[in-house]
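Visitor: Just so you know, the sequence shown maps onto residues 1 to 234 in the numbering used here.
Everything labelled a hint here was simulated from the structure, so no lab data went into it. Don't be surprised by glycine CBs; every beta carbon is placed ideally from N, CA and C. Watch out, some of these pointers could steer you wrong.
Straight-line C-alpha distance at most 20 Å; calculated DMTMM-like pairs for lysine to aspartate or glutamate [stated by the list, open to error]:
| id | residue 1 | residue 2 |
| --- | --- | --- |
| 1 | K10 | E115 |
| 2 | K10 | E97 |
| 3 | K10 | E104 |
Computed beta-carbon distance windows for the label pairs [what the hints assert, rightly or not]:
| id | residue 1 | residue 2 | range |
| --- | --- | --- | --- |
| 4 | A114 | V165 | 19 to 27 Å |
| 5 | H60 | H145 | 30 to 38 Å |
| 6 | E44 | A167 | 31 to 39 Å |
| 7 | Q118 | A192 | 38 to 46 Å |
| 8 | E3 | G121 | 14 to 22 Å |
| 9 | A167 | A64 | 36 to 44 Å |
| 10 | E3 | H60 | 17 to 25 Å |
| 11 | E44 | W210 | 14 to 22 Å |
| 12 | Q118 | D214 | 37 to 45 Å |
| 13 | Q196 | A111 | 42 to 50 Å |
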Amino acid sequence: MREAMFGGLKVRVVGEKAGAEGPVVVLLHGFGAPGTDLVPLAGEIAAPAGTRWVFPEAPHLLPAALGGGVGRAWWMIDVMRFQLAALTGQVAGLIREVPEGLAEAREQVIAMLAELEQDLGFRRESLVLGGFSQGAMLACDVALHMDTPLAGLVLMSGSIVAEEVWAERMERREDLPVLQSHGRDDPLLPFAIAEQLRDRLVGAGMQVTWVPFDGGHGVAPIVLDAFSDFLGQL
1 MREAMFGGLK VRVVGEKAGA EGPVVVLLHG FGAPGTDLVP LAGEIAAPAG TRWVFPEAPH
61 LLPAALGGGV GRAWWMIDVM RFQLAALTGQ VAGLIREVPE GLAEAREQVI AMLAELEQDL
121 GFRRESLVLG GFSQGAMLAC DVALHMDTPL AGLVLMSGSI VAEEVWAERM ERREDLPVLQ
181 SHGRDDPLLP FAIAEQLRDR LVGAGMQVTW VPFDGGHGVA PIVLDAFSDF LGQL
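Given these sequences and hints, build the entire structure.
Guide: Below you can see the structure in the form of structure tokens.
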């Protein structure tokens, strides 16, 4: 595994070999996780030969009360407000908001991808962008704002943010292959909103592989199998 800085973000690159020409999979971790959180997936998913895995680390270190020193965030969240919304069934009201810091995070990821492309020498047509939870939201936002091609988009246990902005931009990604997974018992990001996101992606003409599972906020074995199939089909 190699560690490097691209676009001001620390990244971990797994699977580099001389002459590798497989897909490049970039996965963004969730809120409160360390930068290494998703790295094990590189060894748990059956990917095509020559696949390069890239795991960027979010720029914001959480305060001590929220896991400071280890946990990181792409943008800061009012955790108490979010937990209250989840308990009272009012998370749907949050999806219309454009989170403060989302635009900055998006620009950092786009800059990181540009420098990564130069370093690894891949074509954007071979790039699979994805993430988990907050990382999935950011991956979706980046995909909707970029003009360059993508091989696929992976959204694991994500949700909708900036609803109106996304709605205006979704048709720009018509025919994009998307893998979306979500736990039916997710206590943090409601399953019903994930279904709304799925329906919007499908309505915009994207090719969505929908993977619901019995469980909470996580990556179930069925998701790893679907991820392997998704990469193989691309």
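Visitor: That 19 to 27 Å hint for A114 and V165 (C-beta), does it hold up?
Guide: This hint holds: roughly 22 Å between Cβ atoms.
Visitor: Is 36 to 44 Å a correct range for the gap between the Cβ atoms of A167 and A64?
Guide: Hint holds: Cβ distance 38 Å, inside 36 to 44 Å.
Visitor: CB of Q118 to CB of D214, is that within 37 to 45 Å?
Guide: 43 Å, holds
Visitor: Okay, Q118 versus A192 on CB: inside 38 to 46 Å?
Guide: Holds, since Q118 and A192 (Cβ atoms, about 41 Å apart) stay within the stated range.
Visitor: Run the distance test for K10 versus E97: straight-line Cα separation, threshold 20 Å.
Guide: 28 Å, violated
Visitor: Checking one constraint from the list: CA of K10 to CA of E104, max 20 Å. Satisfied?
Guide: 16 Å, holds
Visitor: Take a look at whether the Cβ-Cβ distance between E44 and W210 falls inside 14 to 22 Å.
Guide: This hint holds: roughly 21 Å between Cβ atoms.
Visitor: Using the beta carbons of H60 and H145, state whether their distance is inside 30 to 38 Å or not.
Guide: The hint (30 to 38 Å, Cβ to Cβ) is violated, given that H60 and H145 are roughly 20 Å apart.
Visitor: Can you let me know if the beta-carbon spacing of E44 and A167 is within 31 to 39 Å?
Guide: For E44 and A167 the Cβ distance comes to about 34 Å; the hint holds.
Visitor: Could you tell me whether the CB distance from E3 to G121 stays inside 14 to 22 Å?
Guide: At 19 Å between Cβs, range holds.
Visitor: Confirm or reject the claim that E3 and H60 have a C-beta distance inside 17 to 25 Å.
Guide: 19 Å, holds
Visitor: Given a hinted range of 42 to 50 Å, is it respected by the beta-carbon distance of Q196 and A111?
Guide: Distance hint for Q196, A111 is violated at roughly 30 Å.
When each numbered hint is compared with the structure, violations occur for hints 2, 5 and 13.
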